[in-house]
Amino acid sequence: MERGGLVAYVEAQIERDIALGRLHPSGQFGSEAKLARRYEVCRGTIREALRRLAARGLVVQRSGRKTRAVALDESLTLENLGLALHDARNPDARWLLEGYFSLKRQVLLELLADCCARASDLDLDRLGSTCFQLQDAARWESGATCAQVEFELLRQAARVAARPGHVLLVQSLQRAFLGGAAQLLPLMGGEALREWAFRVTAILHERDVQALQNELPALLKARDERVLNAFAPAPQEPASPEAPCAQEVHFGTPVAATGQDAALETPPSSEEGTVDRPPPASAQDETPEAPLRVEESSSGGRDGRTPISSLPPDTP
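In the numbering used here, the protein residues as written are 13 to 328.
Keep in mind that the hints were calculated from the coordinates and are not lab data.
We treat Cβ as the ideally placed atom computed from N, Cα and C, and that holds for glycine.
Be aware that a few hints might be false.
What the hints assert, rightly or not - EDC-like, lysine to aspartate or glutamate: derived pairs with alpha carbons at most 16 Å apart: (1) 233 - 203; (2) 233 - 110; (3) 78 - 44; (4) 233 - 207.
What the hints assert, rightly or not - Distance windows between CB atoms, simulated: (5) 221 - 39: 46 to 52 Å; (6) 28 - 49: 17 to 23 Å; (7) 227 - 72: 43 to 49 Å; (8) 55 - 122: 46 to 52 Å; (9) 221 - 184: 49 to 55 Å; (10) 111 - 133: 34 to 40 Å; (11) 133 - 191: 32 to 38 Å; (12) 148 - 219: 31 to 37 Å; (13) 114 - 29: 27 to 33 Å; (14) 69 - 140: 36 to 42 Å; (15) 226 - 184: 25 to 31 Å; (16) 237 - 44: 43 to 49 Å; (17) 69 - 134: 37 to 43 Å; (18) 73 - 114: 32 to 38 Å.
Let the hints inform the model, and build the full structure from the sequences given.
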């Protein structure tokens with residue numbers, strides 16, 4: 013492996029250790045010699061990797077002191093999005109990725125609305141041509157190519173809408189995705205992308221801002237949800253703990269034929285309607301055969317069926 017590739021590899025490994033909390037609780041790194049032995053590289057490679065991490069704001073280097081990792085809540089930025097995606101099981105990973113996609117959708121909708129309102133016909137034709145390229149890429153090309161064309165559409169729309177701030181924001185969005193969420197690139201194509209690109213082509217041609225606001229958000233979100241669920245499936249709500257209890261109560265109430273016969277033969281008591289309440293002692297003395305009938309007719313449960321055991325508790 014070339015030195016540049018080796019430095020990038022070690023940089024990624026150290027970043028992963030920072031994100032997963034594998035460092036000393038103080039956040040301090042060991043000496044360059046110790047790190048070189050740990051990652052099995054030379055000290056110069058470690059020094060360059062730490063310098064790159066410091067430039068990204070992930071570590072702090074001060075003369076005469078050990079290098080220290082910056083806390084995640086301080087170092088996490090848009091362009092450092094990948095720092096939060098090392099552990100897909102962490103709920104914050106999906107939450108932050110949802111926020112990223114939401115921001116990208118908002119930027120695209122704002123830019124396209126401005127283009128529909130103010131862009132020239134020539135500019136709209138160029139945007140439509142890019143949308144056609146996106147449709148074609150969604151059908152035939154890789155996810156990486158689809159992502160490249162999609163960000164090109166965003167960048168082109170920002171320039172047509174004369175929004176220099178959005179030009180910079182699109183650059184950051186692209187760096188964040190290609191640098192930190194590269195594992196999602198294979199998921200960026202497909203029919204969902206082709207569908208919204210096709211709709212945008214028609215909207216731009218007709219300058220239909222109302223359709224843009226009413227139809228496009230759902231189409232964009234459908235593709236983003238597909239990517240999100242492939243990366244980190246949405247947590248399913250656990251079953252209600254009351255359901256097993258209700259089932260036990262239902263089956264625990266005897267409604268057997270023998271019990272009904274005994275009830276018909278036994279005169280109604282003053283407490284009629286309270287099925288589960290035991291009869292008074294005097295009533296038990298007067299009708300000693302009723303309980304015996306129920307017991308004789310039940311081999312397992314009161315109605316002749318094997319008692320149903322309680323459902324095991326849901327495991328989290």
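Checked hints:
Distance restraint check for residue 233 and residue 203: the Cα-Cα separation of roughly 13 Å lies within the 16 Å cut-off, and the hinted pair is therefore satisfied. At roughly 10 Å between alpha-carbon atoms, residue 233 and residue 110 fall within 16 Å of each other, so this suggested pair holds. This hinted pair checks out: residue 78 and residue 44 have alpha carbons roughly 10 Å apart, not beyond 16 Å. Taking the CA atoms of residue 233 and residue 207, the gap is near 12 Å; set against the 16 Å cutoff, the hint holds.
At about 50 Å, the CB distance of residue 221 to residue 39 agrees with the hint of 46 to 52 Å. Taken as a hint, the range 17 to 23 Å holds for the pair residue 28 and residue 49, whose Cβ atoms sit roughly 18 Å apart. A hinted range of 43 to 49 Å holds for the C-beta pair residue 227 and residue 72, which are about 48 Å apart. Here the CB-CB span from residue 55 to residue 122 is close to 49 Å, well matched to the stated 46 to 52 Å.
In this structure, residue 221 and residue 184 break the distance hint of 49 to 55 Å, their C-beta atoms being roughly 26 Å apart. About 36 Å separates the C-beta atoms of residue 111 and residue 133, a value consistent with the hinted range of 34 to 40 Å. Range check, residue 133 to residue 191: Cβ separation about 37 Å, and the 32 to 38 Å hint holds. Distance hint check: the CB atoms of residue 148 and residue 219 are about 23 Å apart, inconsistent with the given range 31 to 37 Å.
Remark: the range hint 27 to 33 Å for residue 114 to residue 29 is upheld by a beta-carbon distance near 29 Å. At about 40 Å, the beta-carbon gap between residue 69 and residue 140 stays in the expected band of 36 to 42 Å. Checking the proposed 25 to 31 Å range against residue 226 and residue 184 shows it holds: the Cβ atoms sit about 29 Å from each other. Here the CB-CB span from residue 237 to residue 44 is close to 45 Å, well matched to the stated 43 to 49 Å.
For the hinted restraint 37 to 43 Å between residue 69 and residue 134, the CB-CB distance of approximately 42 Å keeps it satisfied. In this structure, residue 73 and residue 114 meet the distance hint of 32 to 38 Å, their C-beta atoms being roughly 35 Å apart.
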